[in-house]
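Line order of the protein sequences matches chains A and B.
Residue 110 in this note's numbering sits at position 110 of the first sequence, with consecutive numbering throughout.
Residue 416 in this note's numbering sits at position 416 of the second sequence, with consecutive numbering throughout.
Treat the hints as calculated values from the structure; they're not laboratory data.
There may be inaccurate statements among the hints.
Since the list gives no way to pick one copy over another, a pair counts as held whenever it fits inside one copy or between any two copies.
As the list claims (entries may be wrong) - The list that follows gives simulated cross-link-like pairs (lysine-lysine, DSS-like), each with its CA atoms no further than 27 angstroms apart:
id	residue 1	residue 2
1	K325	K362
2	K278	K362
3	K269	K394
4	K325	K278
5	K250	K462
6	K325	K244
These are the residues of each chain, in order.
There are 2 protein chains.
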Amino acid sequence: MTATHPYIDQHLSRFTAELMEMLRIPSVSADPQYKEQVLRCAHFVENCFKTMGLDGVEVIPTKGHPIVYGEKIIDPSLPTILVYGHYDVQPADPLELWHSPPFEPVIKPTNIHPKGAIFARGACDDKGQFFMHLKAVEAMLSSDELPCNVKFMIEGEEEIGSEHLGYFVHENKAKLAADIILVSDTGMLANDVPSVTTGLRGLSYVEVEVTGPNRDLHSGLYGGCVKNPINALCEMIASLHDEKGKITVKGFYDSVLEISRDDRDAMAKAPFSEEDYKRALDITDTYGEEGYTTPERGSIRPTLDVNGMWGGYIGEGAKTVIASKANAKISMRLVPNQDPEEITRLFQDHFERIAPTGVNVKVTPHHGGHAAVTPLDSIGYQAAAMAYKETFGKEAIPVRSGGSIPIVAMFEQVLGLKTILMGFGLDSDAIHSPNEHYGLYNFEMGIKTIPYFFKHFVELSKNQ
Amino acid sequence: MTATHPYIDQHLSRFTAELMEMLRIPSVSADPQYKEQVLRCAHFVENCFKTMGLDGVEVIPTKGHPIVYGEKIIDPSLPTILVYGHYDVQPADPLELWHSPPFEPVIKPTNIHPKGAIFARGACDDKGQFFMHLKAVEAMLSSDELPCNVKFMIEGEEEIGSEHLGYFVHENKAKLAADIILVSDTGMLANDVPSVTTGLRGLSYVEVEVTGPNRDLHSGLYGGCVKNPINALCEMIASLHDEKGKITVKGFYDSVLEISRDDRDAMAKAPFSEEDYKRALDITDTYGEEGYTTPERGSIRPTLDVNGMWGGYIGEGAKTVIASKANAKISMRLVPNQDPEEITRLFQDHFERIAPTGVNVKVTPHHGGHAAVTPLDSIGYQAAAMAYKETFGKEAIPVRSGGSIPIVAMFEQVLGLKTILMGFGLDSDAIHSPNEHYGLYNFEMGIKTIPYFFKHFVELSKNQ
Chain A
1 MTATHPYIDQ HLSRFTAELM EMLRIPSVSA DPQYKEQVLR CAHFVENCFK TMGLDGVEVI
61 PTKGHPIVYG EKIIDPSLPT ILVYGHYDVQ PADPLELWHS PPFEPVIKPT NIHPKGAIFA
121 RGACDDKGQF FMHLKAVEAM LSSDELPCNV KFMIEGEEEI GSEHLGYFVH ENKAKLAADI
181 ILVSDTGMLA NDVPSVTTGL RGLSYVEVEV TGPNRDLHSG LYGGCVKNPI NALCEMIASL
241 HDEKGKITVK GFYDSVLEIS RDDRDAMAKA PFSEEDYKRA LDITDTYGEE GYTTPERGSI
301 RPTLDVNGMW GGYIGEGAKT VIASKANAKI SMRLVPNQDP EEITRLFQDH FERIAPTGVN
361 VKVTPHHGGH AAVTPLDSIG YQAAAMAYKE TFGKEAIPVR SGGSIPIVAM FEQVLGLKTI
421 LMGFGLDSDA IHSPNEHYGL YNFEMGIKTI PYFFKHFVEL SKNQ
Chain B
1 MTATHPYIDQ HLSRFTAELM EMLRIPSVSA DPQYKEQVLR CAHFVENCFK TMGLDGVEVI
61 PTKGHPIVYG EKIIDPSLPT ILVYGHYDVQ PADPLELWHS PPFEPVIKPT NIHPKGAIFA
121 RGACDDKGQF FMHLKAVEAM LSSDELPCNV KFMIEGEEEI GSEHLGYFVH ENKAKLAADI
181 ILVSDTGMLA NDVPSVTTGL RGLSYVEVEV TGPNRDLHSG LYGGCVKNPI NALCEMIASL
241 HDEKGKITVK GFYDSVLEIS RDDRDAMAKA PFSEEDYKRA LDITDTYGEE GYTTPERGSI
301 RPTLDVNGMW GGYIGEGAKT VIASKANAKI SMRLVPNQDP EEITRLFQDH FERIAPTGVN
361 VKVTPHHGGH AAVTPLDSIG YQAAAMAYKE TFGKEAIPVR SGGSIPIVAM FEQVLGLKTI
421 LMGFGLDSDA IHSPNEHYGL YNFEMGIKTI PYFFKHFVEL SKNQ
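Based on the provided sequences and hints, a complete structural model is requested.
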């Protein structure tokens with residue numbers, strides 16, 4: 001690949017400028033107000049595909065936001081790599097905590113990014129990361145060094161559970177036929193500690209509503225006489241963990257595959273400092289399930305967290321009201337063998353059962369997904385490890401992540417393909433938070449590492 | 001009072017129109033955005049005072065919203081009645097639950113108001129009620145039947161704790177000198193069951209903030225590893241009541257004066273149907289402190305309720321975030337002998353003590369007030385009872401209310417005056433809620449009952 005890397009060096013500042021242009025589009029999939037912007041972003045990706053010379057470029061409508069597809073088939077007898085990514089982003093609120101507007105990307109120096117970082121919603125998750133694949137393939141095409149076929153499928157609903165992707169994949173098995181799926185939507189341990197995510201947690205996300213009296217009441221006249229829906233919801237949520245940090249939802253742990261002591265010992269070799277972790281988050285202590293370390297709690301154990309809660313008067317000042325309703329968004333991270341639909345059902349049953357008298361409870365499932373694991377002896381994982389070694393000069397560490405990319409399990413089920421998660425983000429990139437950013441060094445290293453994955457994957461495939 | 005009542009009948013529709021004009025002014029004291037509107041409403045009241053012929057009319061600035069004052073001194077040797085009310089209103093949200101805009105008053109028929117009701121924020125609390133006094137005095141003045149001196153003090157901060165009224169009263173003891181204070185800011189049991197509020201609960205209102213990590217986190221990566229501030233706040237709130245419905249704040253009940261069995265038996269004579277109560281609120285069961293009836297829980301017992309709570313992502317759809325902060329507004333209703341400042345301090349100490357490791361807690365006091373009780377053998381109470389008998393044809397029932405008008409205790413302390421609470425609202429008027437309304441029958445009966453209070457109070461004063 002003698003021409004690809006010089007091409008990348010030569011065009012890197014243009015690549016950055018193009019990414020920043022895409023980051024100006026507020027493609028927030030969760031909020032219907034941004035529907036047009038999400039579509040605009042799909043067309044931006046379409047345009048990139050066309051400019052770089054892909055064939056069969058399409059913006060494919062779904063019942064939600066569209067999927068952008070493009071491909072380059074150089075020889076049907078060669079392996080095919082299917083690149084997946086998503087052009088939608090998380091909502092940007094709370095806006096007041098951003099130091100610069102979320103959709104006006106700026107490059108600023110940071111303590112840990114040697115070349116500074118782009119600050120914008122979606123910079124790391126996932127625009128900055130999927131865009132690396134476009135630019136890597138552009139570089140290989142322009143240098144006549146693309147070693148195999150490539151297909152791109154970039155969707156617009158990842159942040160809302162990829163609701164319509166499953167149907168699309170199901171209906172387009174032939175179109176999407178490939179040998180491996182390649183995704184950059186995760187992180188690595190540090191800029192000098194490359195890693196490949198080999199496990200992902202599953203997800204069950206629900207919304208709950210607790211209803212008490214049929215209208216908001218004056219808390220002076222009714223206080224102490226009726227079950228207050230907010231107090232009731234607090235009690236119910238508080239009861240979802242026991243004093244050992246275990247989740248009390250009946251049956252929740254029944255299907256969990258316990259990890260062997262050996263595997264836990266292997267995991268424990270990854271560098272981790274509890275003190276640094278606490279300092280970075282400015283917390284006096286960590287918290288979690290008794291009997292597990294912080295990295296274990298965040299990867300191999302299922303969890304339950306409230307992601308949002310609201311009820312009653314939340315404006316300025318004081319209002320003496322007993323709200324008629326209280327609401328919460330609750331998500332559970334799942335581990336291999338836990339079925340998200342079953343967990344959602346168990347939660348629903350449990351939550352309805354623990355409702356105190358005087359209130360009614362409604363549980364609405366949002367979305368879910370299975371956990372997934374990539375075997376270390378697969379040629380996909382091997383090719384990734386070799387690619388990192390070429391650019392970073394050291395072997396990548398396999399890491400089980402706490403996050404969820406539910407579609408990874410779906411791809412395996414529907415297309416029969418394993419997914420390789422070559423993420424170049426850092427833990428501190430504040431994805432899903434105010435001031436999300438992505439290091440320019442990471443962006444560059446991603447674009448340079450990806451062609452090596454292509455090369456080694458093709459070579460390892462030949463030897464099979 | 002042979003001329004006053006015909007005058008009222010003749011001018012009643014104009015009175016209603018004037019009230020509706022005032023209700024169009026969104027004088028929401030809690031929200032700084034409405035500051036100008038609050039001031040506009042003060043000038044509206046000033047104008048009413050001038051038009052009806054009061055002297056010494058002033059809009060008196062405070063550090064917050066102004067107080068409107070006016071008086072008619074016909075003979076310094078006669079008794080003086082000081083009328084108190086408030087022209088500010090509660091915030092109108094949730095707006096989507098109003099059937100007509102909160103500041104566009106409309107008259108609609110209802111099942112229980114013989115002449116229909118005016119629907120608007122502040123219709124009952126307290127614009128519709130304090131306005132009755134203006135119109136009653138206008139009628140007596142116009143008919144040459146005002147039997148004593150009258151002073152009006154209408155403030156603009158009742159809904160936010162009357163923060164600057166205490167200072168004003170303190171500085172104007174001579175100006176406010178009177179024999180009794182008369183207030184209509186409470187309710188009566190039913191349109192055919194007149195009642196006088198003889199007890200009010202005190203209040204301590206606080207806002208709490210729980211802070212965990214220094215930024216919002218991705219719940220996949222951090223879920224299960226850090227104490228989630230929303231979950232923590234839920235646990236803390238849940239622990240504020242025990243399984244008997246008792247408040248667990250240390251020392252909370254220490255100064256409560258227990259009510260005698262006799263007094264509880266007397267209270268139990270007021271008509272009350274638990275079934276009707278549940279049906280009206282559409283709840284399967286009531287809830288409260290073990291060992292007390294629903295009316296007792298709502299009047300003679302102290303309580304604690306969450307009035308608002310928020311944290312994390314509360315928009316549409318799903319966001320997998322662990323919030324950095326969670327907040328709640330919490331109020332406690334107090335009974336005689338509980339000191340609001342002490343209770344606030346006890347709450348603060350307790351809440352900080354129960355914070356789990358990994359989060360920090362901040363408690364900010366909003367406002368408070370003492371409970372108050374009016375003796376049934378006072379001439380003020382007697383005059384009220386006789387006034388109701390004149391218009392309703394039956395004795396008023398003395399009622400201990402669960403609400404708080406903290407200034408009643410302050411008036412007694414600073415001015416040495418008892419307050420008579422002649423409220424004409426109904427429980428179902430939805431004060432502090434969407435679709436607040438006030439019956440036109442109640443408005444009329446109020447205007448007609450008030451002159452009888454003046455008359456009987458002057459007569460009873462002579463005999464003392």
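Homo-oligomer pair classification [K394, K269; C-alpha up to 27 angstroms]
Result: close within a single copy only, 16 angstroms intra versus 84 angstroms inter.
Within, between, both or neither: K325, K362 at alpha-carbon 27 angstroms:
both (11 angstroms within a copy, 25 angstroms between copies)
Alpha-carbon proximity context of K250 and K462, limit 27 angstroms
For K250 and K462, neither the intra-copy (50 angstroms) nor the inter-copy (74 angstroms) Cα distance is at most 27 angstroms.
Intra/inter-copy verdict for K278 and K362 if alpha-carbon distance must be at most 27 angstroms
This pair counts as between: shortest inter-copy Cα distance 20 angstroms, intra-copy 36 angstroms.
How would you label the pair K325, K278 (within, between, both, or neither) given a Cα cut-off of 27 angstroms?
Between copies only: 16 angstroms across chains, 36 angstroms inside a chain, cut-off 27 angstroms.
Indicate which option fits the pair K325, K244 if close means a Cα-Cα distance not exceeding 27 angstroms: within, between, both or neither.
between (30 angstroms within a copy, 23 angstroms between copies)
Checked against the numbered hints listed earlier, the structure breaks hint 5 alone; every other hint is satisfied.
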